[in-house]
Each structure stands twice: as C-alpha cells, then as structure tokens.
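Undergrad: Residue numbers (numbering that gives the first Met the number 0), protein chains in the order written: chain P, 0 to 256; chain E, 0 to 479; chain V, 0 to 439.
Please keep in mind that the hints were generated in silico from the structure rather than gathered at the bench.
Once the Cα atoms are required to be at most 20 Å apart in a straight line, the calculated EDC-like pairs of lysine to aspartate or glutamate come out as:
| id | chain 1 | residue 1 | chain 2 | residue 2 |
| --- | --- | --- | --- | --- |
| 1 | E | 344 | V | 48 |
| 2 | V | 336 | P | 11 |
| 3 | V | 46 | E | 407 |
Far from chain P, some chain E residues (derived; all Cβ distances over 12 Å):
| id | residue |
| --- | --- |
| 4 | 42 |
| 5 | 45 |
| 6 | 58 |
| 7 | 65 |
| 8 | 75 |
| 9 | 141 |
| 10 | 166 |
| 11 | 172 |
| 12 | 175 |
| 13 | 274 |
| 14 | 321 |
| 15 | 364 |
| 16 | 382 |
| 17 | 407 |
| 18 | 414 |
| 19 | 460 |
Everything numeric in this text was worked out from a predicted model, so none of it was measured. Glycine included, C-beta positions come from ideal geometry on N, C-alpha and C.
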Amino acid sequence: MLEIKNLHVEVEGEGTEILKGVNLTINKGEIHAIMGPNGSGKSTLAKIVAGHPEYEVTKGDIIYNGESILELDPDERSHAGLFLAFQYPVEVPGVTNNTLLRESYNTIAASRGREELDPLEFDDYIREKLELVDMKADFLERSVNTGFSGGEKKRNEIFQMAVLEPALALLDETDSGLDIDALRIVADGINKLHHEENSVVLITHYQRLLNYIIPDHVHVMIGGKVVKSGGKELALELEEKGYDWLESLATVNGEAK
Amino acid sequence: MSETKALESMIGEEYKYGFTTDVEYEDFPSGINEDIVRLISEKKNEPEWMTEFRLKAYRAWTEMEEPSWFNATYEKPKFDKLQYYSAPKNKPKLNSLDEVDPKIRETYEKLGIPLEEQKMLAGVAVDAVFDSVSIFTTFKEKLAEAGVIFCSISEAIQDHPELVKKYMGSVVPARDNFYAALNSAVFSDGSFCYVPKDTICPMELSTYFRINNMNSGQFERTLIIAEENSHVSYLEGCTAPMYDENQLHAAVVELIAMDNAEIKYSTIQNWYSGNEDGKGGIFNFVTKRGACRGDNSKISWTQLETGSAVTLKYPSVILQGDNSVGEFYSVAVTNKRQQADTGTKMIHLGKNTKSTIISKGISAGKSDNSYRGEVKISKKADNARNYSQCDSMLIGQTCGAHTFPYIESANPTGKVEHEATTSRVGEDQIFYLQQRGLSEDDAISLIVNGFCKEVLKELPMEFAVEANKLLGIKLEGSVG
Amino acid sequence: MAHPTRIEPSILHKLAKHLPENGSARWTNVRQKSMQQLNSTQFPHKKIEEWRFTDLRPISRTEFTHINDAGTYKASDIEKYFIPESDRSRLVFINGRYNETYSSIGGLGKGVTVGNLSRFPDDENVLEYLNNLVNYDDVFTLFNGLMFEDGAYIHLKEGAKAEAPIQVLNLYTGSEKPFIANPRMLVVAEEDSDVTIIEDHIGLEENSYMTIPVSEVKVKQRAHIHHVRIQRDNENAFHISRPIAYVEKNSEYHSYTITLGAKLTRNEPRVVQEDEEVDFTLDGLVLIDGEQVADTHSVMDHRFSHANSHQLHKVVVNGKAHSIFNGKIFVRRDAQKIDSFQENRNLLLSYDGLVNAKPQLEIFADDVLCSHGATVGQLDPEEVFYLQSRGMTEEKAKEVLTYAFALETIENVKVDSVHKLLIDEVYRYTKANSNPKVTA
Ligand SMILES: Nc1ncnc2c1ncn2[C@@H]1O[C@H](COP(=O)(O)OP(=O)(O)OP(=O)(O)O)[C@@H](O)[C@H]1O
Ligand SMILES: [Mg+2]
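Can you build the whole structure from these sequences, using the hints too?
TA: Written as structure tokens, this is what we have:
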C-alpha cells in the first residue's frame with residue numbers, strides 16, 4: 000500500500016537534511032508503530048507523506064498504491080485516502096468542525112465517485128461517529144481545535160479520521176496528552192476503524208498505547224533513519240532499555256547522525 | 000450543492016457583471032453650473048423649494064475643497080467632464096413592468112434581480128436604479144396596504160413633498176462634505192421609504208443600483224424614515240459594467256429612526272473594481288448616515304464591500320435618543336489595486352446609548368484596505384458604551400492593512416473599548432485543511448469566511464449566499 | 000531690550016542677534032539648515048491631521064523672550080533632585096545650559112564618555128550623528144536645531160557597561176519673562192554596551208517657559224539601553240519633546256516616559272528599527288489634572304524582520320485636563336515576523352476632562368502579529384464594589400484602584416530610587432485626585 004524508498008528530506012530552502020534515507024513498507028491491513036527519540040524525524044516523515052510544503056524530497060520516493068505521490072498536492076493525497084492526525088493539530092478560528100468535515104467528506108466522496116451527503120444525512124452520519132470517540136455534539140459547532148484542550152484536540156483528530164475513513168492513517172503521537180480513560184476510548188475507536196482493507200501507522204513514545212492497539216510491526220527511527228524493525232516485542236524491549244543501545248546503529252554506515 | 004461547490008462553479012468568472020446594456024440615453028451636456036442644476040430640477044418637474052435646495056447645495060459645493068485626508072491616491076474625477084444627468088430615453092414613469100425597456104429588464108435579469116412579480120414569493124420589494132433614474136418599484140401596492148411608502152425619490156418629491164421637505168438634508172446637511180454637497184445639487188433619483196407608526200414593514204425592501212453609461216456619474220439619494228415603533232430592513236446591491244475610465248458614484252443615504260423604531264440597512268457593493276493594473280473601476284464616495292432620533296431606537300449597518308476601485312465610505316449613526324443603539328458590521332475585501340478606506344462613526348449624544356463595531360478587512364493583491372472609525376462620547380452621554388473590534392487579514396506580500404480608530408470621550412461614566420488585530424492566512428492552516436481534502440482555494444475561502452463570520456451572519460438570508468460566493472471569487476488564486 | 004520671539008518663522012530674524020555661535024563648522028551647518036527649513040515651515044494648527052486635537056494657541060499667544068533677556072532667577076536648593084545612584088554620573092543643565100558645578104561625571108568606569116556636547120564639538124560621533132538621527136520636520140524641532148547651545152553627550156565604547164545609571168537633570172528656573180530652552184541629548188551605545196539613562200525635567204518655580212528637548216539615541220548591535228524620562232515641568236510650562244532611537248541588530252531599547260507636569264506637553268517618541276532581531280518598549284504614563292493638556296504622538300517603525308515591540312500607554316485624566324494619544328505602528332513591506340503590541344488605557348475621572356485616542360496600525364507585511372487595544376472609561380465599578388465590601392470607603396477604593404492602574408507602567412523602571420520617586424508621584428496624584436463625586 001505504502002512504500003517509502005531511500006527517502007531523503009530537507010527543510011525547503013534551508014538545506015538541513017532531516018530524513019537521511021528512510022525505507023519502510025506498509026501493506027494493506029497492517030498496523031505499524033514508529034518509535035524513536037525526540038527530534039529523530041518521525042513527524043517529518045508523517046508530514047512529508049501527507050505533502051507538507053515546508054519540506055523537500057531530495058532523493059528517494061514515496062509510492063502509494065503503486066504510484067509515486069511526490070507530485071501530488073496535499074488535498075490530492077487526502078482524496079487518495081491518506082490521513083494525518085497531527086502531533087500539533089492546527090486551530091482554524093471561525094470554521095466549525097461541522098463545516099470542515101462536511102466540506103471534506105463531500106470533496107473526498109466526490110473524488111472517489113461516491114454520493115455526497117446532504118446536510119441532514121450528514122448529520123446522522125456524523126453523530127454516529129461522535130459516539131465512536133465519545134465526543135459531545137457541542138464540539139461540532141465549535142471552531143476547529145480553537146480553544147480545545149490538548150487532549151480534546153487529539154480526540155478531535157481521531158473523530159475526523161472516523162468521519163473520513165482513510166485507507167492509510169498516520170497518527171502522530173495521538174496518545175500524548177490523553178488521560179487514561181481517553182486513551183482507552185481513542186484506542187478502542189482506532190481498533191474499530193481498522194479492518195483488513197486499511198492500514199494504520201502509530202507514531203508514539205509509549206508502549207502503553209501498544210497494549211491497546213497491537214502493532215504488526217514496530218520500527219525505531221534515530222537520526223532520520225529507520226535503524227531497527229521488529230515485532231511488537233521490540234516496543235517492550237525499548238521500554239526497558241531506552242534508545243542508547245541502538246544509537247550506534249544510526250552511524251553504522253559511517254555517517255554521523 | 001456544497002458551499003465550496005458553489006464557489007467552484009463561480010471560478011474563472013472574474014467580474015461577471017461587466018456587460019453593458021445598449022439603450023438610448025437622454026443626455027445632458029457634460030459639466031456643471033447653476034443652469035445644469037436648474038435644468039435637472041426642471042426636467043424632474045420639481046417644486047421651487049427643491050430647486051432652491053439644489054442651488055444652495057451647488058453654491059456650497061463650489062466653495063468646498065475636495066477632501067484628501069484618507070488613505071487612497073487616485074486621479075481626481077474631472078467634474079467638468081462628467082455628465083450629471085443620464086436617463087434611459089424611454090419614459091421613466093411606468094405603470095407596469097411591461098413598460099420597462101426590455102433591454103434594461105434583460106440587464107436586471109442577468110443580474111439576478113427579482114424584478115418580476117413572480118419573485119413576490121421571495122418577499123422582496125425592489126426599486127431598481129439604472130444609471131440615475133429609478134426604473135420601477137415592485138410591490139408598491141402590497142406595501143401601500145401596510146401603509147409603507149416605497150417609491151423613487153423623484154416620485155416622493157411629487158407625491159409626498161411634506162415628508163421629503165422635512166427630512167431630506169436633516170441627517171446629512173447639504174454642506175456636510177464635498178461629495179454630499181455635489182449629490183445634494185445634482186442627485187437624479189434614488190429610493191424613498193416611509194414606515195408609519197406601529198408598523199412592521201411586511202417585506203424586505205431592496206434597491207439595485209446599476210451604472211451603465213460610461214461618462215455619467217451616479218448620484219442617488221436614499222431617504223428612509225421609520226416612525227415610532229416601526230421596523231424596516233433594506234437591502235442594497237450595486238454593479239457596473241467594465242470601462243477603462245473611472246466612473247463616479249457619490250450617493251447620499253439618510254436614515255431616521257424615531258422612538259423604538261429599528262432600521263436595518265444592508266449593502267453588498269460589487270461595483271466594477273478596475274483591472275489588474277488599476278485601470279478603470281468605480282469611485283465609490285458615499286455618505287451614509289443614520290440618526291437615532293427617538294429613545295430606544297436602533298440603526299444597524301451591515302456591509303460587504305468587495306468592489307470599486309476606490310471606496311470612501313463611513314456609514315454612521317448619531318445616537319441622539321436615550322438608550323438608542325448603533326451597529327456597524329463590515330467586511331471589506333480588496334484585491335488587485337483596489338483601495339478601500341471605510342469604517343464608521345458612532346456619535347453618542349443620548350444617555351445609555353450603545354454602539355458596536357465589527358469590522359473585518361481582507362487585503363490581497365496590491366491593494367490597500369483601511370479601517371477608519373470614530374467613536375465619540377459627548378459630555379452628556381452618561382453610561383454610553385462602545386465596543387469595537389477591527390481585524391485585518393493580509394493575503395500575500397504586496398498589500399497593506401491599516402487601522403485608524405479615533406476615540407473621543409468626554410464623559411467619565413462612558414466606556415469605550417477598541418481592539419484590533421492583524422493576522423494572515425497561516426500556511427499551517429492551509430496545509431491542515433488540504434490534508435482534510437480541501438483544495439487550496441477552498442481552504443482560503445473557508446478560512447476567510449470563518450474570519451468574517453460575525454459580520455456575514457448579520458446579512459439577510461437573500462444576501463448571505465451571494466456574499467459567500469463573492470468572497471470566494473474575490474480571493475480566487477490570491478495565494479501561491 | 001526685550002525681543003518678542005514667538006516661534007513663527009516670520010519673526011525669527013529678530014532672534015538673529017542671539018544665534019549661538021559655539022561648536023564646530025558642523026554645528027553652524029545644522030543651524031543654517033534649520034533656519035532655512037524653518038523659513039518654509041508652517042506653524043502647526045488644528046487643520047493638520049497630526050495636530051487635530053491639540054490647541055497650540057497658548058503657545059502662539061505667549062510672547063517668548065530670548066533667555067538672555069528673560070530675567071532668569073538663580074537656581075537654588077536643587078540637590079534634592081539628585082538621585083543617589085548617580086552620585087558620580089550626573090549631568091545638570093539649567094535652562095538648557097550646562098552647569099559644571101552641579102554635574103559630577105567621574106564614576107562610570109572604562110569606555111564610558113559622559114559630558115556636555117559643546118566640549119566635544121568635533122568628536123567623530125558628534126560629527127556623524129548630531130542632528131542626523133532627527134526625522135522630525137516641525138517648527139519646534141527646527142527651532143531647537145537653530146538655537147541649541149549645548150546638550151548631554153553619552154558615548155559607550157564597544158562592550159562598555161556603565162557602572163551606574165546616568166542622570167541627565169534638566170532644570171528650568173524662575174524668570175521675569177517667558178523663555179525657550181533647547182536641551183539636546185546624543186547617546187551612542189556601541190556594540191555590546193549597556194547603559195541606563197534617567198532624564199528628568201523639572202520646573203523650579205511657577206513661571207512660564209517652553210522647553211524643546213531633542214534627543215537622539217543610537218543603539219548599536221547587541222547594545223542595551225534603559226531610558227527613563229520624567230517630565231515634572233511646572234504648570235505654566237510648555238514641554239515639546241522629540242526623543243528618537245535607532246535600534247540595530249540584536250539590540251534592545253526600553254523607554255518609559257512619565258508625564259506629570261506642564262500646562263501643555265507634546266511628546267513624540269519614535270523608535271526606528273535598523274536591522275533584524277530587535278526588542279523595544281515605548282511605555283508611557285500620563286497623570287494630569289487641572290487644565291493640563293498632554294499629547295503623545297509615538298511611532299514604532301518596523302523596517303526589518305523579527306522585532307518584538309511593546310507599548311503600554313496609560314493615562315489618568317481629572318479636572319479639565321485633556322489627554323491625546325496617537326500611536327502609530329508601522330510594519331514595512333519586508334518586515335516579517337513582527338510581534339508588536341500596543342495598548343492604550345485611559346481613565347477619565349471627571350466630566351470636564353477629555354480623552355482622545357488614536358492608536359493606528361499600518362501594516363504592509365503579511366506574516367506579522369500586530370494588535371492594539373484602546374479603552375476609555377472609569378474604574379471598574381465591580382472592583383470598586385469589591386473593595387468597598389472589604390471595608391474600604393468608596394473614596395479609598397478609588398484611590399487604591401487608580402494607584403494600581405498607574406503603577407503598572409513604572410514597574411519596569413529598574414533604578415530603585417527612581418522607582419520609589421515615581422511611586423511617590425503616583426501616590427501624590429491619586430491621593431489628590433480620588434474624586435468621590437463620579438459614581439458608577
Ligand atoms: N521546518 C523545520 N526547520 C528546521 N528544522 C526542522 C523543521 N522541521 C523539523 N526540523 C528538525 O528536524 C528534526 C526532526 O523533527 P521531527 O519533528 O520530525 O521529530 P520527531 O521525531 O517527531 O520528534 P518528537 O518525538 O519530539 O515529536 C528535529 O531536529 C527538528 O528540529
Ligand atoms: Mg514529532
């Protein structure tokens with residue numbers, strides 16, 4: 000479904016390289032977890048897959064459903080089924096969740112040749128999804144993320160994911176900032192949304208989330224590279240040992256971090 | 000169809016009202032002098048006092064200087080080249096719609112104005128002003144049943160001289176300012192509305208203004224009087240064809256609200272704004288003022304200003320009656336080389352008077368957008384309150400946003416609060432919305448709509464949809 | 000013989016006999032240029048937007064006399080105005096003329112030059128900057144340019160840190176006739192230097208005079224200046240000041256102006272950004288009553304990216320006093336990432352007082368965060384009530400709240416004795432002006 004090949008990424012116009020040859024393959028129906036120390040490039044990877052204009056791919060490719068998506072605009076990638084839950088969800092004052100989601104849903108539906116929903120149908124549809132993440136209907140009429148608490152923003156991201164039903168969801172630290180109950184609710188929601196036709200990438204610092212959502216693969220990113228991959232036990236090992244023992248792997252090729 | 004779909008369908012339409020209508024005109028020699036003023040008055044068969052009113056205004060005008068204190072630069076109109084009266088040749092006084100020149104009717108149809116009876120269902124009474132002359136007022140009868148007078152100002156001068164004589168110039172005196180003086184001397188037509196005591200006007204009143212003739216200035220005059228305990232809502236829409244020359248639009252609008260009366264005045268101004276290089280477009284120099292004469296009266300101005308090459312316009316409220324309320328809700332969008340200097344004045348004279356100002360300025364392209372507002376709390380206005388919020392949004396690197404609020408308070412129990420911010424459409428916001436599937440233009444349009452929300456919700460339903468469309472078209476492709 | 004000298008260009012020639020001649024050729028040049036410009040400059044009036052709210056007739060109706068002919072009295076008992084921290088870093092000017100006896104300039108350590116300008120007529124900095132930083136073009140500034148005889152000069156070498164705050168004390172004596180004083184100040188802080196300046200203007204008696212202090216400040220890269228300006232002219236005085244600062248890369252300039260005195264004050268502080276990454280403050284506190292008029296017209300001119308700027312301008316008006324505030328924030332085309340905040344808060348205590356406020360934003364760059372706020376009103380009735388419910392009389396509650404309102408602006412003054420002095424001034428004002436008659 001998604002294949003990242005030797006991806007090198009720089010900050011647009013600045014020349015600082017952040018990703019230094021990432022390789023990653025995600026198949027349909029799989030759940031992957033990406034872990035790694037702060038600043039190792041996890042968010043950058045997620046953003047570049049979603050097409051963030053701040054970064055520039057200098058080498059390598061991102062293949063999605065068999066085709067390179069490097070030339071696609073962020074909205075085109077979204078239409079193709081890519082979803083990014085932001086580590087820092089953006090506030091959009093004056094635009095309500097409801098308006099945004101109806102616009103999004105209908106544009107995405109149109110691009111996939113599906114029926115658009117009229118406001119009443121959409122209302123029914125969206126209320127069902129609210130339950131999935133146990134969110135109050137008030138949130139629909141509030142401006143997107145504006146004045147939301149940290150945890151509410153995260154929950155709102157999963158709510159949007161539930162509404163848009165992406166084929167590949169990249170969830171960047173969605174667990175950070177959630178209280179214990181919320182974590183369980185959000186995790187349950189993600190599990191319910193997951194099936195054999197879609198894939199999920201969890202970026203996280205905590206093994207805890209992986210108790211709820213069992214990944215098929217765990218990857219460790221250090222210094223802009225995936226330095227180790229394994230099964231779900233890798234997460235436990237990291238929890239115990241930290242990242243130190245892997246630091247050396249970041250420089251195996253003689254390249255400094 | 001979704002909101003953004005509606006926007007999408009408008010894409011590429013640029014200025015869709017830029018066509019001209021081919022009708023024969025009864026023209027005056029260009030230029031202005033006392034004879035021309037007399038001739039206008041004569042042509043309209045006006046009573047002596049009206050002719051006097053005009054002449055006095057003309058004389059005052061000749062002694063006034065064209066103002067230059069605002070934040071705009073443009074080539075001054077050549078007053079001696081202008082045509083001060085221009086009317087389609089067919090006789091202007093009509094008895095039924097069928098008598099309107101078909102070409103003009105076609106124009107209004109293109110503009111989507113509900114000039115036809117079938118639109119009665121929409122509940123909007125329309126007065127259409129084509130160049131300088133009022134073409135037809137619909138629903139006169141239905142309104143008459145309720146006791147509401149809604150007609151062209153020329154008719155009002157003939158049929159209700161006592162009202163016109165009493166109120167015209169009472170809010171905007173002829174020598175108020177340069178353009179008001181000129182208007183008072185040469186105004187050709189406009190709308191008149193009188194809502195009697197204890198009457199809720201049964202429908203929205205509406206006027207569409209259209210400048211068609213290339214060299215004519217348009218000088219309409221609107222007068223609305225709401226007697227005790229009455230209520231009226233009035234809508235105004237404006238379009239003009241595209242010419243390389245600038246055209247002058249210098250209107251005067253006077254509103255009078257008596258005890259417990261309420262007037263709501265909404266405008267969508269979309270005159271032609273000139274081309275990419277700033278050639279052509281309308282000079283929109285308008286004096287709009289309302290007087291809350293009675294206690295507990297209320298005047299509310301809502302405007303969406305998207306057109307014109309240069310706009311100088313400050314719809315104001317004089318809060319005379321105790322507990323009276325003034326409101327100003329404005330969205331001004333400038334793009335290309337447009338210059339808008341707009342805002343309001345709230346003059347608090349009565350006790351416990353209240354005013355609210357919400358202004359949203361959006362600048363794109365190479366335009367300049369200024370908010371200029373004045374809030375004055377006079378010595379006697381105990382417990383007067385004003386709240387102003389003026390936000391500007393800049394799109395791109397070559398435009399300007401300016402905020403000039405003037406505050407004066409002479410009463411220690413009064414309270415004035417003014418806030419202003421400047422921001423931009425953030426790249427991270429655009430990316431976020433694009434990630435959710437919206438195109439860049441839709442994302443901007445959504446953000447801008449969100450930015451203007453507080454104002455747009457004040458517009459009557461009929462205008463709200465049009466307003467959304469206009470905003471989208473206006474900012475099309477302004478980022479990137 | 001008396002020389003009637005209103006500062007109108009037409010009668011300026013009458014001053015010719017008194018034109019100062021000291022300084023270098025450069026000074027003569029400044030005076031000549033000022034004279035030329037003065038001849039073609041209009042005396043301001045209310046039709047000019049920038050002077051719309053300020054009535055200058057009290058100035059134009061006063062028959063000013065050259066200071067030599069004004070019959071000035073001797074200044075006495077002035078030690079009480081000395082601040083202890085500046086015991087050995089004090090410049091004293093009386094009616095705009097340097098007074099060596101009272102000045103004391105030994106204690107500033109290496110790399111700091113302090114003195115009167117006329118002692119350094121050919122100093123390279125004086126040659127380079129004197130009158131070149133001024134960008135005002137009104138008659139008052141030009142008049143100073145024509146008539147100044149001396150001024151304060153403060154220079155800090157690269158890396159120099161002044162060991163003590165420098166007090167620049169401007170005293171105005173009593174006189175038989177109204178006169179005009181033309182103080183000047185030039186401050187050049189080289190790279191990485193640091194200095195605190197306390198500029199104080201004091202009217203010693205009740206006579207009428209006008210002072211036109213013009214000060215030029217250059218803050219070079221990474222330098223810091225803390226500039227406190229106190230205006231305590233007498234109630235018959237006119238105070239027209241023009242302080243301007245230019246801030247270079249990574250520098251900081253923080254200025255606090257406290258306006259207490261004068262019949263009419265027109266203060267026009269300006270800060271001009273000369274490079275990226277700067278931080279500046281332009282705070283003001285105005286406490287006026289009686290028939291005082293205090294007018295502040297400020298400019299914060301952002302010309303490059305990355306600036307942080309703040310302006311808190313607080314005003315309390317009582318009696319028949321009139322306050323005017325006009326604060327401009329400019330953000331020029333290429334100045335991105337500007338974070339600028341301006342707040343003007345006015346407390347109007349009386350029915351005869353008047354407040355005019357005109358904060359302005361002029362923004363030509365899109366990636367900026369600029370905001371301003373202005374409020375005019377009385378004390379919050381809720382707060383008054385709260386204090387009353389805690390046992391205070393209404394009068395006392397208002398006094399306390401007014402005091403607290405005013406105090407915010409001087410909190411950042413970091414010289415202890417000056418901070419204390421200002422607290423005392425605020426206290427004196429609020430005590431005298433807590434008026435129980437105006438109720439919520
Ligand atoms: N726009 C940018 N400009 C400069 N540096 C950037 C930019 N974006 C990211 N970086 C740098 O790239 C590195 C990777 O950042 P990224 O946000 O991808 O880390 P992360 O692995 O998600 O960290 P965390 O676990 O703290 O979220 C960091 O050192 C960061 O500072
Ligand atoms: Mg991250």
